[in-house]
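**Q** Just need the whole structure built from these sequences, with the hints factored in.
Residue-level listing of the chains:
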Amino acid sequence: MLGNVLEIDRITKRFPGVVANDAVSLDVEAGEIHALVGENGSGKSTLMNIVYGLYQADSGEIRLNGERVEIDDPRDAINLGLGMVFQHFMLVDTLTVAENVILRAEPQKFRFVDYRKAEQEVARLADAYGLRIDPRAKVADISVGQEQRVEILKALYRRAKVLILDEPTAVLTPQETEELFQVMRNLREQGTTIVFITHKIKEVLAISDRVSVLRRGKLVGTRSTAETGHKELAEMMVGREVLLRVEKEPAKPGAPVAEISGLYVDDQRGTAAVKDVSLKIRQGEVVGIAGVEGNGQQELVEAITGLTTARTGKVLLHGEPIQHLGPMRIKRKGISYIPEDRHKRGLILDYNVADNLILGLHTQPPFVEHRLFRSERHIAEHARKLVEEYDIRPPNPELLMYTLSGGNQQKAIVAREFSRRPEFLICSQPTRGLDIGAIEFIHREIIRQRDRGTAILLVSAELDEILSLSDTIAVMYDGKIVAVLPAQEADERRLGYLMLGGDPHLPEGDAERGVTAT
Amino acid sequence: MWWEYVVYFVNATVLAAALRMATPLIFASMGGILSERSGIINIGLEGMMLTGAFMGMLVTFYTANPWVGLIGALLSGGVVGLVHAVATVRYKVDQVVSGTAINIFAGGFTVFMLRTVFDVAGTSPAVERIPTVAVPLLRRIPFIGDILGHQNPVVYLALILVVAVHLFLFHTVWGLRLRAVGEHPRAADTVGINVFRARYLAVIASGALAGLGGAYLSIAHLSRFGDGMTAGRGFIALAAMIFGKWTPFGALGASILFGFADAVQMRLQEVGIPRHFVLMLPYILTMVALAGFIGRATPPKSIGKPYEKE
Amino acid sequence: MRNVELQQRSLTSRNLLVPIGSVVLALLVGSIFILVVGENPLYAYRVLLVESFGSINNIAGTLQRSTPLIFTGLGVAFAFRCGLFNIGAEGQLYVGGMVAAIIGVSFGNLPGLIHLPIAVFAGMLAGGLWAAIPGILKAKLGVHEVINTIMMNFVAYYLTDFLVTGPFHGGRWAPETDRVFPTAVLERILPPSRLNTGIFLAIVALVVVYIVLWKTKTGYEIRAVGLNPSAAEYGGISVARNMVLAMVISGAVASLAGVEQVLGVHGRFIQRFSPDLGFIGIAVALLGKNHPVGVFFAAVLFGALRTGGAAMDRLTDVPRELVVIIQAMIIMFVAADELIRRLVPRRRKA
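Residue numbers (the working numbering), protein chains in the order written: chain A, 1 to 518; chain B, 519 to 828; chain C, 829 to 1178.
Hints in this document: simulated from the structure, not taken from any laboratory.
Keep in mind that a hint or two might mislead.
[To be verified] Computed Cβ-Cβ distance ranges for the label pairs, DEER-style:
1) A/ASP72 to C/VAL1032: 57 to 65 Å
2) B/LEU786 to C/LYS968: 31 to 39 Å
3) A/ASP127 to B/LYS823: 54 to 62 Å
[Stated by the list, open to error] Facing chain C, according to a computed beta carbon distance under 8 Å, are these residues of chain B, among others:
4) TRP520
5) GLY625
6) GLY626
7) PHE753
8) ALA757
9) HIS794
10) LEU797
Idealized CB from N, CA, C, for every residue including glycine.
**A** Structure, rendered in structure tokens:
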């Protein structure tokens, strides 16, 4: 064909504690739509950020049209004909579409911006590629799908020959997604090469010519889309790994403790993130929600724990509606929460271990005397007990939290929340970023809680974890629960397929061929 | 009759005075707009004005030419602006703290120099000032002519400045990029705009303009420098900027409004309205504007946060 | 256990390095100004040191000038602990002083045991309310407290101008109120200096603030909001409520500076009596790392600079405004941690 326009040769990038890209090599042919897929943390965004000059690789080289290039910052990338549309838009709300597109490449008359020419040019480009947009509109007033078009126009205006789209459909409605795909086909027709980063296999099958799969920083392989299917891609993405399996007795679930019914929650932008979710969690049961991050899990959990309010729907604890309660009242009802982002939500890093261990409990006796004064004695006693019981190291409650390792920080949160003997426990990504030892510890604790009769809702992007701990597994995709199955019936192939957008009603044979139900 | 009262307060003489009172505010608020539009809070306008007032007088003293003095004020204000820029952009000093430090410094420095150079405590010796002029055709127009026809050239300079800043911000390439930097520095960075450089230039300019505003006080309005002569005008300029929603014409309007309050307070006292309450008005109005009671006044989004390149 | 000690020690040295370094650097730059005047920096600084600490009377003078700074510094520091920037200490001390003066001149028959405390508490109440307004606007509407506290300063200036030249203007020609009744006075301790019992009030304030911040659940919540509002919210702490509370306490403490000046130093409210006490309070808080112990020492330092500076003015050719310049530089350097750290050679980790 036309040869490779972009060659990535053994690119390696390390961040503290993790190898984001491990000697990744892949080629992008001219004029193709090349999908780059992987789960969160697979390194796909990092790789493209390096290509676009936002990060510098530790080793390896990049070649454009056969020639080696150095890309030190986005300006270099733009000059070389690369354009990138980010997941989080880089648009200035208070400026118009046209102003955003032309920024730093403005048509001018003696340093005065030629607005007329700008608007004309933007309108012309939009027409040429089938992107419907009003150049005069303020970005603050347009929809998310339209914002994306502006980002694409930005790249095209700068004569991008290679366009990188980072998870473009994450924020789009199905209709907008279809429109985007049409635009991509138009672009391809006009000779633009597109690299399309996503974790949704359905999309890969719908639009790409070839697909490369990354897992944990390494390239797993590149396939021609026509010659592969959902099953193979899911396997490549999720992988068959050594599973961490916790020793456990079969669960003996009792009566339902928490019930979520018909819940709709909006995200910060006002778009629906949780769409009609219903779920029951029983005493002594672990319900695991499997799903790639960003499919509504965070919003679901925040609505249950009182950090945000649902648009509509109910959350019931023993039949009593609690969806309107704030975090303090939720705690008092016997609900504990291990938050996903321990540094942001779970801990006050500048406080010491002891003070962190009473966060949320700090207003209640025995930690408070005479309604006002802290009881140092009880706080210290509480801390000492928990540090020992949960093996938090170093075993000194006076130490400041930021000096502890991630694993021990998480253990502190676990200690705090589990020791309250909650009725209903929500754990969100409880072992993210932790070492094997800490992971095993926390998994054992979760099972211990379950055996005590706690109802547990586990949200995790780690399939291993879900399979290992859950009694019942629900899969969340695009804000909906697409499947609920007992753990014995689930395996990572089926779960991976569902997590990545596979149609639950299709037998897997059809799914392999990329057939979608209408 | 009631309209006699109105005419007593709203007449050409008062409005001409309002314009004079507004002039230093106009300079300083234009400076404030440039700085804040780039994302840097500039609480130090008061100190920059005071420095400009002093240096304007000092340079005029040594050169006997107030126009040279004006340039001296502009340059010295720019230097103070540079200090603020280096502190906040390079060393990530909290922007409010830096501005406060500059204000305190200017207060001490100007009196220190006053005593060192002139050996006086409160007021400098008299220097040449820029005389008022009469604009030939303009001053014959009824009413408008009485307000605009017979003013200090620096006043006209202020009005021209407003137009210039407006054109700069909303019609030039640099202005567009500056606004992008203030609203979304990372977006500007990703298209290749140098965020740090833009901020440096904006803050230096804000110091220079504030310096000019101060010089108006010492070598145009009066002809000497007095300890603390800016008397809080740098803060009123901030209020005018906010009240004017960070736009040049808005700040002009607010400055004239506040200047009017200043011009009219003595007359209001005569009819029983304590002048102090009139003087409070700009500040109360600004709080009301910020609270959104008369339409939300929101600053550029990146304001107050130092920019980190990842 | 060793781990803890090492951690504490490195923390303390880190905490002290920047403040001390900033003061030293500011004094160094200040000596340039001294040279410009034609004076010998070592001589000038020696005078400054001797005149501020060299005799009982000098120490008393220093402590007297430090007293209001303890109050404003403590107030600003308290707000900082909640993540709030209270630039309004100047206005808060004016309203506090005004209210104290009003109470002080109004009730001739009350015994001192009642009159004085009422005047003091009324002053605190006024300051607390003055700070509550920007606090509520921040908590409820998200409006930045910096601008609002600055605005409130000016409203306070003009309001007190009005009151002191109008309804509460004293019998004399000067723009001040009458003398307050002796029953509302903070007594002199060590004449002829103007050191008064306000210093004891300041010490009490330091201790109370320490207890509130580190020994009560309220303090735990306020500091949590300052350190990590998201985690505080997760922990059930009301961010809005604590912000308002912090501002009120901050204003109440800062206003005591005005109360002390009116009831202790001048015996009446004099128009615009404050030599930037509120703004220097910001410097005190920053230099003192927002901790009562630090605030005390920083306030004494600045008080010494003022006292010594006035004497230096008399005894040398150096104008007292040098002290103001040095104060400004200390603020700038303290806030520029990075700058100081760069100038000090790194010590290798043990």
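**Q** Taking the hints in turn, state whether each one holds.
**A** Each hint tested on the structure:
Between A/ASP72 and C/VAL1032 the CB atoms are about 60 Å apart, so this pair conforms to the stated range of 57 to 65 Å. At about 33 Å, the beta-carbon gap between B/LEU786 and C/LYS968 stays in the expected band of 31 to 39 Å. Look at A/ASP127 against B/LYS823: about 39 Å separates their beta carbons, and that is not inside 54 to 62 Å. For B/TRP520, the shortest C-beta to C-beta distance to chain C is roughly 27 Å, which exceeds 8 Å, and the interface hint is violated.
Checking B/GLY625 against chain C: minimum C-beta separation of about 6 Å stays under 8 Å; hint holds. Taking 8 Å as the C-beta cut-off, the interface hint given for B/GLY626 holds, the closest approach to chain C being about 3 Å. The interface hint given for B/PHE753 is met, as the beta carbon of that residue sits about 6 Å from the closest beta carbon of chain C, less than 8 Å. With a cut of 8 Å, the hint placing B/ALA757 at the interface with chain C holds, because the nearest CB-to-CB distance is about 7 Å.
Hint status for B/HIS794: holds, given a least beta-carbon distance of 4 Å to chain C, under 8 Å. Annotation: B/LEU797 was flagged as interfacial toward chain C, and the flag holds, the nearest CB pair being 5 Å apart, inside 8 Å.
The structure fails hints 3, 4 (numbered hints given earlier, in ascending order).
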